[in-house]
Amino acid sequence: MILNTVYTAYLDALCRGDRRRALHTAQTALNDGVDIRDLYLEVFQPAMHQIGLMWERNQITVAEEHLATAITQSVMAHLYGHVFDRTPVGRTLIATCIGGELHELGIRMVADFFEMEGWDVYYLGANMPAEDVVRMAQERQADLLAISVTLNSHVPHARRMIQIVRESSIGDQIKIMVGGQPINRAPDLYEKLGADFTARDAREAVQLVMEVMA
Amino acid sequence: MSDSVIPTLFGDLSHDLILICDKDGLIREANVRSRQLLGEDIIGSTLLQLLSTMSHTKGNAFLRHIATLSPGATSDAWELFFDGSDTAPLCVSIRAGALSADYRVLIGGYEPPQLTSLYHEVLAINSELTNLIRQLSKEQARLSNQIERLMSTYKEY
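Protein chains in written order, with numbering that gives the first Met the number 0: chain A, 0 to 213; chain B, 0 to 156.
No wet-lab data here; the hints were simulated from the structure.
Worth double-checking, as some hints may not be accurate.
Beta-carbon label-pair distances, calculated as ranges [as the list claims (entries may be wrong)]:
id: 1; chain 1: A; residue 1: E203; chain 2: B; residue 2: F9; range: 47 to 57 Å
id: 2; chain 1: A; residue 1: R85; chain 2: B; residue 2: T45; range: 47 to 57 Å
id: 3; chain 1: A; residue 1: H48; chain 2: B; residue 2: S13; range: 32 to 42 Å
id: 4; chain 1: A; residue 1: E190; chain 2: B; residue 2: T45; range: 29 to 39 Å
id: 5; chain 1: A; residue 1: N3; chain 2: B; residue 2: T45; range: 34 to 44 Å
Some chain B residues close to chain A (C-beta under 7 Å, calculated; not the full set) [claimed, not checked]:
id: 6; residue: T56
id: 7; residue: K57
id: 8; residue: S74
id: 9; residue: E78
id: 10; residue: R133
We treat Cβ as the ideally placed atom computed from N, Cα and C, and that holds for glycine.
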């Protein structure tokens with residue numbers, strides 16, 4: 000019940016472009032005992048999904064959609080203190096996003112969920128060249144590479160990136176996970192791209208990796 | 000002066016995209032600016048074929064909406080992303096008017112690509128700033144831990 004109320008208040012703040020109110024809503028929810036994972040998956044994620052639907056229904060403009068994305072990025076950054084302060088488990092995740100910064104919220108959530116489990120997480124940002132991803136993964140001896148693909152047109156880029164990682168010296172050891180709308184719509188696509196697994200959201204990603212890499 | 004020259008001239012002089020389509024979205028006429036931005040061969044294409052993938056769902060909703068317009072009626076502005084002929088997706092704010100029961104005129108002003116680039120630059124800056132906020136949070140936590148340790152060591156002595 001409380002999450003519904005938080006969701007409604009948060010979405011309202013996004014629709015008004017009110018960054019302070021969005022942050023206040025999220026912080027108040029945490030102070031009231033809401034788990035940060037629930038805040039991510041039951042408030043931020045559906046609110047941003049709703050914002051996307053509102054754009055498709057011509058209820059908001061592109062500028063308002065961009066502002067909502069920027070606000071949620073900012074709110075997540077301000078709540079980061081609740082994310083990273085966990086006992087290290089000695090595992091490392093490299094996360095990257097194919098496409099612009101507008102599409103990085105999902106992979107940010109995945110990265111934060113792993114950090115909540117004590118993983119060392121390196122988020123490389125959007126549009127990182129594959130060679131830099133390989134170099135970072137080698138330097139940090141990463142256990143897992145997470146790649147977010149948000150548009151169909153980005154799928155070939157993901158395939159190329161995975162191919163380059165597989166052909167590198169770490170290709171046999173590192174596990175690769177892909178996620179995003181095009182992957183969710185075609186459940187077998189992750190295998191065709193050369194990835195080890197996929198997950199529909201951040202919680203499922205963590206559960207799956209814990210099972211596979213236990 | 001021929002009557003048919005006047006609308007053609009208006010169309011050719013306009014900086015906006017002007018398209019005439021049937022109510023299913025099949026393009027029948029296009030002004031010079033439309034052909035420059037969307038491709039010379041757009042006549043005969045459907046509106047959906049001209050849209051970027053990210054706008055297909057919205058494009059379908061737009062077509063459903065304009066199909067219901069009665070002659071003389073106009074729609075609100077809808078933002079749709081078109082695949083430009085030589086640019087990144089082009090954001091066009093487009094309105095429709097019903098010329099008759101079967102035909103629609105679409106007039107759209109597009110966002111200059113430089114402005115789109117600036118949008119993306121602002122998003123990139125926001126992303127960098129949020130990264131810095133995260134790093135700062137971590138450093139603050141480390142600093143607090145060190146200060147706590149220092150204080151407890153100081154108290155012991």
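These are the hints, each one checked on the structure:
no. : hint                       : result
1   : A:E203 / B:F9: 47 to 57 Å  : holds (56 Å)
2   : A:R85 / B:T45: 47 to 57 Å  : holds (52 Å)
3   : A:H48 / B:S13: 32 to 42 Å  : holds (37 Å)
4   : A:E190 / B:T45: 29 to 39 Å : holds (34 Å)
5   : A:N3 / B:T45: 34 to 44 Å   : holds (41 Å)
6   : T56                        : holds (5 Å)
7   : K57                        : holds (4 Å)
8   : S74                        : violated (9 Å)
9   : E78                        : holds (5 Å)
10  : R133                       : holds (5 Å)
Checked against the numbered hints above, the structure breaks only hint 8 and satisfies the rest.
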